[in-house]
Amino acid sequence: EAQVTQNPRYLITVTGKKLTVTCSQNMNHEYMSWYRQDPGLGLRQIYYSMNVEVTDKGDVPEGYKVSRKEKRNFPLILESPSPNQTSLYFCASSGRVLDEQYFGPGTRLTVT
Amino acid sequence: RKEVEQDPGPFNVPEGATVAFNCTYSNSASQSFFWYRQDCRKEPKLLMSVYSSGNEDGRFTAQLNRASQYISLLIRDSKLSDSATYLCVVKTAPFSGGYNKLIFGAGTRLAVHP
Numbered sequence: 008e009a010q011v012t013q014n015p016r017y018l019i020t021v022t023g024k025k026l027t028v029t030c031s032q033n034m035n036h037e038y039m040s041w042y043r044q045d046p047g048l049g050l051r052q053i054y055y056s057m058n059v060e061v062t063d064k065g066d067v068p069e070g071y072k073v074s075r076k077e078k079r080n081f082p083l084i085l086e087s088p089s090p091n092q093t094s095l096y097f098c099a100s101s102g103r104v105l106d107e108q109y110f111g112p113g114t115r116l117t118v119t
Numbered sequence: 090r091k092e093v094e095q096d097p098g099p100f101n102v103p104e105g106a107t108v109a110f111n112c113t114y115s116n117s118a119s120q121s122f123f124w125y126r127q128d129c130r131k132e133p134k135l136l137m138s139v140y141s142s143g144n145e146d147g148r149f150t151a152q153l154n155r156a157s158q159y160i161s162l163l164i165r166d167s168k169l170s171d172s173a174t175y176l177c178v179v180k181t182a183p184f185s186g187g188y189n190k191l192i193f194g195a196g197t198r199l200a201v202h203p
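Protein chains in written order, with our numbering: chain A, 8 to 119; chain B, 90 to 203.
None of these hints come from the bench; they were simulated from the model. Be aware that one or more of the hints could be misleading.
[To be verified] Ranges between beta-carbon positions, derived for each pair: (1) T22(A) to N111(B): 40 to 46 angstroms; (2) K76(A) to N111(B): 40 to 46 angstroms; (3) T29(A) to S157(B): 40 to 46 angstroms; (4) L18(A) to D96(B): 28 to 34 angstroms; (5) N111(B) to Q10(A): 30 to 36 angstroms; (6) T107(B) to P112(A): 30 to 36 angstroms; (7) D63(A) to C129(B): 40 to 46 angstroms; (8) P15(A) to L169(B): 27 to 33 angstroms; (9) S117(B) to V104(A): 19 to 25 angstroms; (10) Q158(B) to T20(A): 17 to 23 angstroms.
C-beta: ideal position from N, C-alpha, C; glycine also.
Using the sequences plus the hints, can you model the full thing?
Following this line, the structure appears as structure tokens:
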């Protein structure tokens, strides 16, 4: 089954404690992306990757890091989480032409 | 001004009603357009692409007006299961150059009641 998986699905953490959210896709897609979704603001892109070892900033990259060492995986790293990073996070993947994005189930992060 | 704007709703309609959502975009060079559906606390999923000539998929009709820079989604004979948030999505090249990107509207919430 074609899918994008994310882990963990729910996470409550404290300010400053480094965390990683994993994302994996099994569709051999070149393009992967991370979004955060906040009420009234819609989905905002954090980082994206066009292929292995190719990543770039989206609209709201501050406080986040990513890496793309393998085609299927695109982890999101928060080196020092802060309360304003409390949000719902989605990983997505698509073929090069970006005509359909497949989303993971989401990770609900709370930073206290 | 947001790059993609939608009326947030909610639209509260009875079963069987026809409802229409509009979405406006600011970048006239935008290339492709989509409607995604998002159920509460779930991931967005592609509902349909929007073609220049307009397209229909069962009870759903999408239209594009490039001159006025808006797209629309019409849902006929609404079902309870249509209750969700509908996201307007535009693929565009950034003004500053670089790769194409998808811009998501904040969504329009639809609630269909018996």
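Output the numbers, in ascending order, of every earlier hint that fails for this structure. Of the numbered hints given earlier, those the structure breaks are 7, 10, listed in rising order.
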